[in-house]
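Asker: Model the full structure from these sequences, guided by the hints.
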Amino acid sequence: MNKPPLSVLHRRRFRRFRFLLSTVILVGLLWAGGFVWYVGIIPTNVEEPDRKTDAIVVLTGGSERLSEGRRLLTRRLAEKLFISGVYRGVEVDELLSAGQADPRLLSCCVVLGHVAENTRGNAIETAVWVYEEGYKSLRIVTANYHMPRSLLEFRSLMPDVDIIAHPVFPDTVKVDSWWRWPGSASLIASEYNKFLFASLRNYVLQLLPGGNSASLHRSTPAPQEQDYSASN
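The letter at position 131 of the sequence shown is residue 131 when you use my numbering, and the numbering goes up by one with no holes.
Since the hints were derived computationally from the structure, they do not count as laboratory data.
Check the hints yourself; a few may be wrong.
Restricting the straight-line Cα-Cα distance to at most 27 Å, the calculated cross-link-like pairs of lysine-lysine (BS3-like) are [as the list claims (entries may be wrong)]: (1) Lys80 with Lys52; (2) Lys136 with Lys52; (3) Lys80 with Lys136; (4) Lys174 with Lys194.
Derived CB-CB ranges, DEER-like [claimed, not checked]: (5) Arg13 with Ser63: 53 to 63 Å; (6) Gly61 with Asp160: 24 to 34 Å; (7) Leu196 with Arg12: 32 to 42 Å; (8) Arg180 with Ser107: 40 to 50 Å; (9) Phe169 with Leu20: 39 to 49 Å; (10) Glu64 with Pro182: 19 to 29 Å.
Backbone N, C-alpha and C fix where the C-beta goes; we use that ideal spot for every residue, glycine too.
Answerer: Here it is as structure tokens:
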């Protein structure tokens, strides 16, 4: 069997290369457009700052989040403060007890969750606790750049719970001028990629029997009673 002329092989390779390059460029443009959209949905302020909810949920990851959660509890904006993803032995109690907070309020109304290791785990751990308590509304406290993915995960597992976003604004993350700060740009891009993965995973889970709620039983072992503790 005769081989195609060399010129034909070159044309075929060029067409493959052109197709591959076009695909890479298209995917890059779609990603960049989505990234700009993601930056646009990062909250820039706290909506409904005075509205009361059944509980306040703080996702560990920064002292600003814990301090804000304590402040909101002191203002009696919720019955309970739930801190998700606390590693045993960390100095959360000291941080919560600092300042002018009423120690009696902290001892009665703060619950620590010790299971979650990531945002999905935060949502699962919180959902189990929320449904056990019979709560219908939450205020989520986390960093502004982390809020879109947090809302995605929490609302996918608790569609019947009213969730209010309460972002905090770390000084080290420059959302408004991210292009001038490589560290901020890298962090937001990483968070955007995680958001895309979480969106795809949740879409697939919705197609499975039981929907996304089935992940409460599959993705992470359900927290047991010993996985929660009072703050004191």
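Asker: Now tell me, hint by hint, if it's right for this structure.
Answerer: Consistency of the hints with the structure:
Restraint check for Lys80 and Lys52: satisfied, since their Cα atoms lie roughly 11 Å apart, inside the 27 Å limit. Between Lys136 and Lys52, the direct Cα distance comes to roughly 12 Å. Compliance with the 27 Å bound is thereby established for this hinted pair. A C-alpha spacing of about 13 Å is found between Lys80 and Lys136, which places the hinted pair at or below 27 Å, so the restraint holds. About 19 Å separates the Cα atoms of Lys174 and Lys194, which keeps this hinted pair within 27 Å; it holds.
At about 56 Å, the CB distance of Arg13 to Ser63 agrees with the hint of 53 to 63 Å. A C-beta distance of roughly 27 Å is found between Gly61 and Asp160, which places it inside the suggested range of 24 to 34 Å. The hinted range of 32 to 42 Å is satisfied by Leu196 and Arg12, whose Cβ atoms lie roughly 34 Å apart. As the Cβ distance of Arg180 to Ser107 is approximately 45 Å, the hint placing it in 40 to 50 Å holds.
For the pair Phe169 and Leu20, the beta carbons lie near 42 Å from each other, so the given range of 39 to 49 Å is met. Against the hinted window of 19 to 29 Å, the Cβ-Cβ separation of Glu64 and Pro182 comes to about 22 Å, which satisfies the hint.
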